[in-house]
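From first to last, the protein sequence lines stand for chains A and B.
The first sequence begins at 43 in the working numbering and counts up one residue at a time.
The second sequence begins at 43 in the working numbering and counts up one residue at a time.
These aren't lab readings, by the way, just hints derived from the structure by calculation.
Hints are not guaranteed to be accurate.
The list makes no distinction among identical chains, and a pair is therefore deemed to hold if it is satisfied within one copy or across any two copies.
Claimed, not checked - Mimicking SDA-like on lysine to any residue, the simulated pairs with C-alpha atoms at most 20 Å apart in a straight line are:
1) Lys-363 <-> Leu-288
2) Lys-326 <-> His-86
3) Lys-363 <-> Asp-106
4) Lys-412 <-> Asp-261
5) Lys-235 <-> Arg-298
6) Lys-235 <-> Ile-300
7) Lys-326 <-> Asp-261
8) Lys-269 <-> Glu-89
9) Lys-269 <-> Ala-399
10) Lys-326 <-> Arg-120
11) Lys-412 <-> Arg-193
12) Lys-412 <-> Glu-388
13) Lys-363 <-> Asp-45
14) Lys-235 <-> Thr-299
15) Lys-335 <-> Glu-89
16) Lys-335 <-> Pro-303
17) Lys-269 <-> Arg-107
18) Lys-402 <-> Ala-371
19) Lys-198 <-> Asp-261
20) Lys-235 <-> Asp-88
21) Lys-335 <-> Ser-210
22) Lys-363 <-> Arg-263
23) Lys-326 <-> Asp-88
24) Lys-363 <-> Tyr-122
25) Lys-402 <-> Asp-383
26) Lys-335 <-> Lys-402
Protein chains: 2
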Amino acid sequence: MFDWLVIGAGFAGSVLAERLARVRNERVLVVDRRNHVGGAAHDHYDEAGLLVHRYGPHVFHTDDRSIVDYLSQFTEWRPYEHRVLAQVDDRLVPFPINRTTINALYGLSLDDDEAVETFFRARAEPRAEIRTFEDLIVARVGRELYETFFRDQARKEWGLDPSALDPSVVARLPVRTNEDDRYFEDAFQCMPKHGYTRMFERMLDHPNIKIMLQTDYADVRRGISFKRMIFTGSIDEFFDRRFGRLPYRSLRFEHRTIDAPRFQPAAVIEHPQTEAHTRVIEYKHLTGQEHPKTTIAYEYPSAEGEPCRPIPTPENAALFKRYEQLARATPNVWFVGRLADYRSYEMDQVVARALAAFEKIDAALGTGPKRARAIMQAS
Amino acid sequence: MFDWLVIGAGFAGSVLAERLARVRNERVLVVDRRNHVGGAAHDHYDEAGLLVHRYGPHVFHTDDRSIVDYLSQFTEWRPYEHRVLAQVDDRLVPFPINRTTINALYGLSLDDDEAVETFFRARAEPRAEIRTFEDLIVARVGRELYETFFRDQARKEWGLDPSALDPSVVARLPVRTNEDDRYFEDAFQCMPKHGYTRMFERMLDHPNIKIMLQTDYADVRRGISFKRMIFTGSIDEFFDRRFGRLPYRSLRFEHRTIDAPRFQPAAVIEHPQTEAHTRVIEYKHLTGQEHPKTTIAYEYPSAEGEPCRPIPTPENAALFKRYEQLARATPNVWFVGRLADYRSYEMDQVVARALAAFEKIDAALGTGPKRARAIMQAS
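Model the full assembly from the supplied sequences, consistent with the hints where possible.
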């Protein structure tokens with residue numbers, strides 16, 4: 043009945059469904075266990091009418107123009123440069139650490155990159171080998187800044203001390219000597235103008251695409267007929283966890299609507315000194331929405347809940363490899379995305395991953411009769 | 043695979059899916075050709091972040107407390123009494139016609155019901171038999187008020203002169219001698235506090251219910267296995283229009299967002315004197331949303347488009363009867379709802395219709411093993 047069964051309506055599944063339906067003219071059934079499309083990037087209007095991200099803030103940024111071009115078929119954009127502050131004692135300072143952060147915390151007035159670099163170097167504790175998250179930070183900025191910004195935050199985030207964590211968990215976090223206070227440095231920093239969900243709806247709006255919600259993979263693996271499958275769920279789930287469960291950290295968000303137009307001066311404020319939550323998010327900064335109220339969220343890391351971040355340990359990598367080998371031996375199923383690849387992709391990375399997967403599939407399957415018809419229709 | 047295939051995720055389909063899943067503990071697949079649940083009652087946040095009704099204003103009102111009790115499982119309520127004005131020349135007057143309307147239009151100061159009744163009686167043209175919409179109005183309030191408020195509006199609405207229309211098309215419209223300017227007189231007049239779509243999402247949020255969107259009945263009639271069916275689409279479509287198409291009037295809405303917090307003094311203003319649109323709707327009156335902008339809609343009746351209102355002529359009633367006989371002879375399929383019954387139900391009526399259909403089904407099928415389990419779990 044369907045050419046393709048696509049499990050998961052997040053970025054990986056939706057991009058592949060769109061390409062298969064539009065470019066190859068094939069019939070696609072997209073299935074998601076949630077009651078909406080967009081996966082963890084889904085946004086929605088809450089009970090006060092404020093646009094919020096149910097699964098935590100998603101800030102789009104990329105250096106890859108082709109990803110922007112692809113997504114621009116489905117959305118306009120609203121310029122937004124993400125800025126994050128950290129609360130240290132009673133002070134809000136830029137994060138990642140930059141020149142302003144150092145001057146504010148230490149009552150200094152360092153006025154060029156070199157002075158800040160000298161400041162870091164005087165405190166850095168050189169390590170022969172960077173084996174842990176702790177090594178990485180302490181070797182760069184010293185123990186005091188490590189303890190202020192990273193140690194307790196990481197313990198909350200990962201439930202582990204940074205001395206037991208792979209440095210890759212923070213690899214993307216820069217330390218700056220200038221006054222750049224943007225969280226990301228990418229050339230393109232924008233939000234989908236009318237939200238992520240609207241963008242996904244337009245991506246999936248094609249006569250070849252049917253969408254099935256509130257439906258688990260287990261509900262459709264039998265009973266629905268299809269030729270090939272894209273699986274974007276957790277790879278261990280596909281194989282009934284036969285080697286054990288791939289571990290993820292999860293996040294819990296406590297949303298609160300405040301009866302005031304603004305709550306805090308940035309979209310995200312890190313709270314490295316609190317005991318339970320890691321940060322507070324105020325969505326209006328991201329969305330640009332005008333509204334007499336504002337909705338914020340307290341973010342609590344947790345071991346239980348929806349799978350959010352793969353935990354990068356050598357054991358988990360080895361476990362994933364075993365599943366990956368099974369996947370390679372499974373004909374007519376392609377495994378794509380954050381959960382299937384067990385990797386913490388940024389949004390632009392998962393779009394790139396899905397587009398690359400489509401190119402491979404398209405090359406492997408060649409120009410069937412439907413594909414030929416699609417090419418003729420387009421020309 | 044499924045106990046029930048439910049075609050249509052509007053009121054009829056969603057209420058039945060909820061009852062079958064929850065009370066009978068049966069597995070239900072709900073299918074809708076749109077990309078959302080809620081049918082024509084669906085509301086959504088538009089690009090400016092304003093909650094609007096995509097398919098025209100839906101104002102909930104009922105005299106049946108049991109319907110309120112049923113729906114209150116899935117929503118809280120916001121009190122809202124619907125009021126409608128009509129623009130006559132450069133004046134806005136209450137509609138339906140009441141004492142204030144008459145005093146304003148005729149520069150009178152009639153101050154009790156009797157005086158207004160006398161006013162109407164002096165103008166009314168008695169008819170031996172009420173056979174048309176025109177008869178109904180002219181016999182009650184006379185030709186001048188008929189022409190001012192009804193004649194041209196009905197021509198736009200139905201594409202027919204009121205002298206060719208069945209009186210049932212306006213049967214619910216009162217003419218009042220007091221100053222009551224509410225559009226409805228029901229004891230319960232409220233809107234779902236967080237919108238219709240949220241109410242439907244909660245109604246359908248059950249592990250026994252799967253939802254398939256962007257999917258036509260024709261896409262699933264073969265290929266999905268199920269035991270029984272609820273069909274809430276157009277009954278002629280189910281039978282491949284073998285006796286011809288059942289005619290509907292349709293509506294087209296032109297939405298506009300205005301850069302001001304308020305556009306007009308009521309949710310709906312009738313425009314009986316304009317050439318194309320019948321009324322202008324401002325949604326914020328219905329939703330109570332606070333927002334610096336406001337979205338309005340111009341309503342244009344049309345012959346083409348989504349089926350909205352059955353056209354009550356004897357020919358159409360006869361055509362429906364032929365389909366209804368086929369339906370009666372179709373085992374394991376129940377036909378329920380506005381389109382399947384070819385009737386202009388109010389929302390509370392279609393909920394009542396669906397709940398009554400469930401009682402019949404439940405009685406007919408009796409206590410199967412799943413139903414027995416559901417009863418045990420509930421006790």
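Hints breached by this structure: 3, 7, 8, 11, 12, 13, 17, 19, 21, 22, 24, 26
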